Amino acid sequence: MDLETDLVVIGGGMAGLIAGTIAAEAGLDTILLRKGQSATAYSSGAIDVIGYLPEASEPIISPEEGLFALSRLYPLHPYNVLGYDKRIEFEKVMENIVGRTKDTVTWLKAHLDGTIAPLMGDFESNMHPITILGTTKPTCLIQKTMHNGDVQDREDSVLLFVGIMGYADFNPSTAAKTYLEDRMAAAGPPRKVGHCIIQVMPFGKPYNVSSIELARHLDHEGSIENLAEQLKEHIEQIGATHVAFPPVLGLQDALKNKEKLEELTGTTVFELLGFPPSIPGQRLQRALETIFTKAGGKMLLGHEATSYLKVDDNLKSITAASPRREIKIDAKAFVLATGKYIGGGIAGDETGLRETVFDLKPVTGDYHSAMEIVPSRFTSRLSISPTGQPIQSCGLSVDPRFRPVDEDGLEWAKNLFAAGAVLAGYNYSVEKSGLGVAATSGYSAAKNAIEFIKEVA
Amino acid sequence: MTDSKFDVVVIGGGSTGTAVARDCAMRGLRTLLLERDDIASATVGTCAGMISSGLKYRDEPDIMKMCSTEVVYWNHIARHIVMKNPILAPLLDLSDAASDSSYMESYSEHVEERDVPAMMFLTPDATLEIEPMLHPEIIASVYYEEYFIDPFRLCLLQALDARNHGAEIRTYCEVIDFEINDKQEIEGVIFYNRVFGTTERVTTKLVVNAAGPWAHKVAKSAKEELHIRLNKGAHVIFDRRIVNTGITVKAMDGRWVYLFPHENTTLLGTTALDTWEDPDTLVASFDEIEYLLQSMETVLPSIREARIIRTMTGVRPLVPDFKVPERNVTRGYRIVDHGENDGTKGLLSFLGGKLVTCRHMAEAVTDLVCEKLGKDIACTTHEKPLPGNEDDVDIIALSKEYDISLHALERMRARRGTEMLKVLEMTKEHPEWKTTICTCEPIIEAEIRLSIREEFPQTLNDLRRRLRLGTGPCQGTFCTYKAASILSEELGLAGDDFLVDILDFRAERWKGIRQSMRGEQLAQEELAQGMYACVGNLDQSDVDYDLKPWEEGH
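Read top to bottom, the protein sequences are chains V and A. Take the first sequence: its letter number 233 is residue 233 in this note's numbering, and every next letter is one higher. Take the second sequence: its letter number 259 is residue 259 in this note's numbering, and every next letter is one higher.
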């Protein structure tokens, strides 16, 4: 079977789905391949833009300010590559860089409104949501279910951490202790924190309860009322004004469930940021898929790009393969958004790294060839530190239009664009910039692909 | 400073030290064991657990005989943590077979008492039927069987049994000095308590130095010179049991290396490099990893396709035979009685030895200790079983009764034998503790809580040694924070300590992951970074984290 389309997007996480949606909304016939679960679905479901400059120890107050600093100090960061576009006047480079990300954030908020993952937050200031460990982290956008109201502003606020019996992903007593110590050090409210365990048994057993079971269960009628009933006693006991839940408040109706709980308990209820398997991550993934298909995009699930045809400097087609069939897809332009190691866009062994679809040439975070590196030598002795692991900054080098380039700095093909974690030059875990770079580069790659297709036409 | 009196102080919580403490306690001596880190945290914790027939050391028939006798004892006193592994030595050309056949005879001398078949040659077809991944052009293979023991549980059970017999076991207590009178007799031991940051002193006239690769340093505290030969050995660890049997092959330098299925993983080892470095800082080098892979590749060509999860590195405390390669150094042991040579009276130091002979070593030194104390009490360590060995356990029935997966119960049985019933008993009052915390192993919450309450762990690493927490393919990515919460709850730790525990465990896991980083472990590490740095923000945490010895420098 053969298909013909305007744009093929390879990869169905944040970068690919945004690129696909923008292209589809611009009227392009768009097909997206998704091999399996994306790293976006594993994420906490909050959208980081920039939380820390590389190796810095003070969090950035606002993404806007962070991007200005980044553009001055780290000109090769993926946020900044569009600044090298010769069509942009020198004086307007920074404005363009910051503007592109701001546009993306605004676009994302508007598009996800009304989905199962509505967002809040803005470009002018980072928020500091609480995690399931009791720590906090800077991020730009959170899902509305994660909004903790005035817990850190109201002098008399009392926060109750709620755990669920037999659900090992969240321990409310340690989170409460860690968070309270943090607040005491900061000398700010809440000055009183409590914790409790309630029982929710999707399958009638109080052990091995999973996030997905809980989220689905809480979407059922009557579940929230039952939860509120159990909570009342604990809330009264410590006079809680705010209630923190692990991120399991629902898959479809999380926001409604939060609001209902607030109404029934008279408190502010919110979800903590959690680890995979992450329900907010899955909500975000599903919401992005919804807006993509709503815009007219077509998705091939369970398909990966296994081969391609390139004529001169034009990519003509790729073959999308699933266990049962192979489809050749001709297209005018392509977006590569296959992710890094989790997504499978970059792979490596003791002899070096490689890009998995087109055999493009990966580079290190310093833009030297990564084709023959020994991965262990691009690591830090420290496991978890602001230096991070340099191997996580490897990926593809792109030109100002987000086209992967060869060693000579020229684009590998005129019509292949790349976005997301497959890009080199940033370490999202330490910068707290993962979904922000994915969204912005996906947005940019799509804009460039659209422009290219129009030019050719 | 506290002060108390002991008949004997044992230094070192490895296989030998715990065996000595057990023997001394069982003979009624007031016994104290001091370990600067945790039980089984150094040499024995980095070995493959083989309680070998001594095949490699057939030039020492006494050692081979001792090995066989000891294996019989282990099967009697610790059968719940003993496994028997079939092993194939594939031959690619005749020179492999012809070089030396004396090992077959030496091995066969002890097969009956060890309850294994005689060593035999297998045809290529028979060999490939057992292990289809072997090189198709092998001309034959040698088949034999060896016994293995869980080295962590062995040491812990010896320590617990010693405690049951009245011994005091103190981990995280590092000996820093001895009190020696003007007659050159030991009067006391001074040690630093690393948990509380205090210095303590105990009175004793006898000290057994079983500090393994630190034995010479302990001796130096008594101004004694002890010669030792330290030899580094590294393993590469795979994510599952990738072979049906053990495989041994001669490496390019003629040494034997092996691939052994071990618990839920497979171990490829070992290297042998003389070392003068601080054992705490050692990690496997690129060369060591390649040496092992390339050697095994000659008979198992697809080995590189298997998923490597980490490396582990330990140091052998050999007797100081010089001018011979490591493999020809005796695997016998020596007890140095420093007082016999005008040195410190009351100090006895171990050199050499093997895992399989640790009980024998303990018996010998305890005989000496008793003699010095003027006591005549017989050794019973080879007769009385270690905790959990008492009976068989019907895990199929237990799985139905408690609604816990068979796999989880089998792994629990392999650690605890009949003692697993104590864990299950806890779930009657707390059914939520049936929840799986470490999914790779797997381990349920009740066992973690029981271990914390009864097996004196201080850190997640201690829990790893007791339960195999975080030793599977994900290397603790998913269980670190869950287990840290439980530890924090049980020990009543502060929030900062909870975060330090997480960082400490990630650091220790990373020590071994980093060296062999490739393939799926790249994605695994991206996930770990995403969880602990990106979401948890622990890379920016301001808790008091102490750099580990292998993290210092550049």
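It should be emphasised that the hints constitute simulated quantities derived from the structure, not laboratory data. Please read these numbers as outputs of a predicted model, since none were measured by experiment. Where hints are given, some of them may not hold.
[Unchecked claim] Dumping the calculated DSBU-like pairs for lysine-lysine here, alpha-carbon to alpha-carbon at most 30 Å:
(1) Lys-298(V) x Lys-328(V)
(2) Lys-223(A) x Lys-205(V)
(3) Lys-422(A) x Lys-375(A)
(4) Lys-92(V) x Lys-447(V)
(5) Lys-144(V) x Lys-192(V)
(6) Lys-192(V) x Lys-294(V)
(7) Lys-5(A) x Lys-205(V)
(8) Lys-5(A) x Lys-183(A)
(9) Lys-422(A) x Lys-205(V)
(10) Lys-232(V) x Lys-192(V)
(11) Lys-323(A) x Lys-5(A)
(12) Lys-400(A) x Lys-232(V)
[To be verified] Label pairs and their calculated CB-CB ranges:
(13) Thr-281(A) x Asp-2(V): 43 to 53 Å
(14) Glu-490(A) x Pro-202(V): 25 to 35 Å
(15) Thr-293(V) x Glu-129(A): 48 to 58 Å
(16) Lys-192(V) x Asp-542(A): 18 to 28 Å
(17) Ile-212(V) x Gly-28(A): 23 to 33 Å
(18) Glu-155(V) x Lys-217(A): 51 to 61 Å
(19) Thr-387(V) x Glu-401(A): 46 to 56 Å
(20) Leu-264(V) x Asn-164(A): 49 to 59 Å
(21) Asp-546(A) x Glu-407(V): 25 to 35 Å
(22) Glu-490(A) x Ile-212(V): 47 to 57 Å
All C-beta atoms, glycine included, are put in the ideal place defined by N, C-alpha and C.
Hints and how they fare:
A C-alpha spacing of about 15 Å is found between Lys-298(V) and Lys-328(V), which places the hinted pair at or below 30 Å, so the restraint holds. Distance check on the hinted pair: Lys-223(A) and Lys-205(V) sit about 62 Å apart at the alpha-carbon level, beyond 30 Å; violated. The suggested pairing of Lys-422(A) with Lys-375(A) is violated, with an alpha-carbon distance near 37 Å, which exceeds 30 Å. Between Lys-92(V) and Lys-447(V), the direct Cα distance comes to roughly 19 Å. Compliance with the 30 Å bound is thereby established for this hinted pair.
Note on Lys-144(V) and Lys-192(V): the hinted pairing holds, with a Cα-Cα distance of about 24 Å set against a maximum of 30 Å. With a CA separation close to 46 Å, the supplied pair Lys-192(V) and Lys-294(V) exceeds the 30 Å bound. Of the supplied pair hints, the one linking Lys-5(A) and Lys-205(V) is violated, its CA atoms being roughly 52 Å apart against a limit of 30 Å. The hinted pair formed by Lys-5(A) and Lys-183(A) meets the criterion: a straight-line CA distance of about 20 Å does not exceed 30 Å.
For the given pair, Lys-422(A) sits about 22 Å from Lys-205(V) by alpha-carbon distance, which is consistent with the 30 Å threshold. Restraint check: the Cα-Cα separation between Lys-232(V) and Lys-192(V) comes to about 17 Å, which is no more than 30 Å; the hinted pair holds. Of the pairs offered as hints, the one joining Lys-323(A) and Lys-5(A) is violated, with about 44 Å between alpha carbons and a cut-off of 30 Å exceeded. Taking the CA atoms of Lys-400(A) and Lys-232(V), the gap is near 37 Å; set against the 30 Å cutoff, the hint is violated.
A hinted range of 43 to 53 Å is violated for the C-beta pair Thr-281(A) and Asp-2(V), which are about 60 Å apart. Glu-490(A) and Pro-202(V) have their C-beta atoms about 28 Å apart, which keeps the hinted 25 to 35 Å range intact. Between Thr-293(V) and Glu-129(A), the C-beta spacing of about 52 Å keeps the proposed range 48 to 58 Å intact. Taking the beta carbon of each, Lys-192(V) and Asp-542(A) are about 23 Å apart, inside 18 to 28 Å as hinted.
The hint said 23 to 33 Å for the Cβ distance between Ile-212(V) and Gly-28(A), and at roughly 58 Å that hint is violated. Checking the proposed 51 to 61 Å range against Glu-155(V) and Lys-217(A) shows it holds: the Cβ atoms sit about 57 Å from each other. The hinted window of 46 to 56 Å between Thr-387(V) and Glu-401(A) holds, with their beta carbons roughly 51 Å apart. A hinted range of 49 to 59 Å for the beta carbons of Leu-264(V) and Asn-164(A) is consistent with their spacing of about 54 Å.
A hinted range of 25 to 35 Å for the beta carbons of Asp-546(A) and Glu-407(V) is inconsistent with their spacing of about 44 Å. The supplied range of 47 to 57 Å is broken by Glu-490(A) and Ile-212(V), whose beta-carbon atoms lie about 29 Å from each other.
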